[in-house]
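4 protein chains.
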Amino acid sequence: MKVLIVYDSSTGNTEKMAHAVEDGVKKAGVEPVLKHVDEVSVDEIPQHQGLILGSPVYYGLPSWKIKKFIDESVKYHGKFDGMVGGSFASAGGTHTGAETTIIALNEMLLVHGMVIQGSSSGSHYGAASVGSPNDSALEACRKLGERVGRLVKNLKK
Amino acid sequence: MKVLIVYDSSTGNTEKMAHAVEDGVKKAGVEPVLKHVDEVSVDEIPQHQGLILGSPVYYGLPSWKIKKFIDESVKYHGKFDGMVGGSFASAGGTHTGAETTIIALNEMLLVHGMVIQGSSSGSHYGAASVGSPNDSALEACRKLGERVGRLVKNLKK
Amino acid sequence: MKVLIVYDSSTGNTEKMAHAVEDGVKKAGVEPVLKHVDEVSVDEIPQHQGLILGSPVYYGLPSWKIKKFIDESVKYHGKFDGMVGGSFASAGGTHTGAETTIIALNEMLLVHGMVIQGSSSGSHYGAASVGSPNDSALEACRKLGERVGRLVKNLKK
Amino acid sequence: MKVLIVYDSSTGNTEKMAHAVEDGVKKAGVEPVLKHVDEVSVDEIPQHQGLILGSPVYYGLPSWKIKKFIDESVKYHGKFDGMVGGSFASAGGTHTGAETTIIALNEMLLVHGMVIQGSSSGSHYGAASVGSPNDSALEACRKLGERVGRLVKNLKK
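As given, the protein sequences belong to chains A, B, C and D, one line each in that order. At position 46 of the first sequence the residue is numbered 46 (the numbering used here), and the sequence of numbers has no breaks. At position 117 of the second sequence the residue is numbered 117 (the numbering used here), and the sequence of numbers has no breaks. At position 89 of the third sequence the residue is numbered 89 (the numbering used here), and the sequence of numbers has no breaks. At position 128 of the fourth sequence the residue is numbered 128 (the numbering used here), and the sequence of numbers has no breaks.
Mixed in with the good hints, there may be bad ones.
The list cannot tell twin chains apart, which means a pair is met if one copy fits it or any two copies do.
[Said to hold, decoys possible] Calculated cross-link-like contacts (lysine-lysine; reagent style DSS-like; alpha-carbon spacing at most 27 Å):
1. 75 - 16
2. 75 - 143
3. 35 - 2
4. 156 - 143
5. 153 - 79
6. 26 - 153
7. 27 - 75
8. 79 - 26
9. 68 - 35
10. 75 - 2
11. 26 - 75
12. 16 - 79
13. 16 - 2
14. 16 - 27
Calculated directly from the structure, the hints in this document are not laboratory data.
Please take these sequences and the hints and turn them into a complete structure.
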């Protein structure tokens, strides 16, 4: 059982979050595969049971590179039903688009027929941070990874 | 295993959809419990493993009654993590808010920590119809119910 | 020229924001009319050239009372085209639904055919705060009020 | 006074919509400038008083090319406050993401501080069509163009 984590990052903030997400997936007993969006092909998705997307917030939405990655995944459309998904985003400020970015990432995953889970304790739609992720943001990332990992295990039983 | 379907309806359109959702839940081998929002209490939610919300589209969002129901569910906040959720909406026209209503319903479910699944074949975020639901809309409702029912079964194994 | 500010508030946080929005409207040279949602009727909307909605964040969306107010405004549907709108929200934590609440408020205003303006400097979609509004949140509220007030003046010339 | 219409299109459906939007802008007495996203630079935006974005629906959101165009516009961030914006989208089916695409386009415009107007009569958030645009979708496009054109004129008085 493997979860693919695809992220974009220019300042390194989203990358730090990605590593915390990776830790969470591991903690759930599932293998994380971490890839920068520049170094991943959509052909790698089918070998995984989960897909977590992470992006900096650009104009309230995921970066064009993350969008391009998902646009290209159309060649597998219909093959990812029931796969587990998750989202995280790194913003430059509070209330500057982290939530709308995560909602957008989730929308792409839902169009693929994926399963996503919210959180009742903060960062409800996915993990978010402002600037360099603080302890609380990193904890939200770990919990996201763990949540996705556990769902993968529960759904594959 | 039971799934609670809570809907609001004034013209009867959302109610027709609710019955199709009910059929889908049954088809998955799970017991559906169908309730108009006027006849349900939040105290009934904890006896179920799934919650599906249906609403007419009023100003691009769920009706205030559906919102009130969820606002009142705050007394159980944190107790519904991992419950399975789903959403459907009935609009007066095409592109008049069915999608934004379903996204809003899903957001409420995610804040409760619930699990939702998209669909790769049409009505991606939940089931939608325009006016009295046609065959294709009713089929989307049945598939939604079945999807939620199957997830409930898979996650409870 | 008058702008109606309708807000819901239980802890007083959204109310504090409402007063800062009021100050901003005044600064633009337009008369603000501030009303708690419990003390306003939809019949008051037509006497104004702007409508600003404020809400606490409940389950990622506006409170059911704000939703009920707008649902009832359907009796004037089509009469508010070109009116100026704006939104603000008070959340319990960061990334717990302030943005999705503001987006939802904006959606209701757009369905009424209203004009809204974003901000390029923080709190892009409307004014948001976490807990009791700090100076930066209050400044965002003042700017929101001023922005709406200025638009009202510019569009009525 | 000029309005820039930037669209992406592979099947030609969004392009047909773009031409109808163009007609609407003209009808308002403002000059439309129509550009495929492959043939436009962000350096052209500042010469216009309005910006209308059109996109096919890919995974519930604008195409990556439209996203890239806006991501690149960051070099002018803060310069477009008060510019008039508008959005349209072409989907492959009903309730398959046209609304979420338009909401996303609007979010990008709002982050730039732009002014957008909804419509109280159908296609509330922007103009949408399913497949090749029918008469009603083309009319929504013309009205969108006219609405943006009129706002440009009213705000520049």
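| Is it within, between, both, or neither for residue 75 and residue 143, if the alpha carbons may be no more than 27 Å apart? | between (31 Å within a copy, 24 Å between copies)
| Should residue 153 paired with residue 79 be assigned to within, between, both, or neither, using CA atoms and 27 Å as the limit? | both (19 Å within a copy, 21 Å between copies)
| request: First find the shortest C-alpha distance between residue 16 and residue 79 inside one copy, then the shortest across copies, and answer within, between, both or neither for a cut-off of 27 Å. | output: For residue 16 and residue 79, neither the intra-copy (30 Å) nor the inter-copy (31 Å) Cα distance is at most 27 Å.
| When no copy is named, should residue 75 and residue 16 be tagged within, between, both, or neither for a Cα gap of at most 27 Å? | Intra 30 Å, inter 26 Å, cutoff 27 Å: inter-copy only.
| query | 27 Å Cα cut-off: does residue 68 pair with residue 35 within a copy, between copies, both or neither? | reply | For residue 68 and residue 35, both the intra-copy (15 Å) and inter-copy (21 Å) Cα distances are at most 27 Å.
| said: Treating 27 Å as the Cα threshold, decide for residue 35 and residue 2: within, between, both or neither. | reply: Answer is within: at 13 Å inside a copy they meet the 27 Å cutoff, but 40 Å across does not.
| field | Identical-chain pair category, residue 26 with residue 75, by Cα at 27 Å | value | neither (29 Å within a copy, 33 Å between copies)
| field | Up to 27 Å CA-CA - residue 153 versus residue 26, copy category | value | Both: 12 Å inside a copy, 25 Å across copies.
| query | Checking residue 27 and residue 75: alpha-carbon separation at most 27 Å within a copy, between copies, both or neither? | reply | Result: close neither inside a copy nor across copies, 32 Å intra and 31 Å inter.
| query | For the identical chains here, do residue 79 and residue 26 meet the 27 Å Cα criterion within one copy, between copies, both, or neither? | reply | both (25 Å within a copy, 25 Å between copies)
| Intra/inter-copy verdict for residue 156 and residue 143 if alpha-carbon distance must be at most 27 Å | Classified as both: same-chain Cα gap 20 Å, cross-chain 21 Å, threshold 27 Å.
| field | Within, between, both or neither: residue 75, residue 2 at alpha-carbon 27 Å | value | For residue 75 and residue 2, the Cα distance is within 27 Å only inside one copy (21 Å; across copies 37 Å).
Figure legend: structure checked against the earlier numbered hints; hints not met, in rising order: 7, 11, 12.
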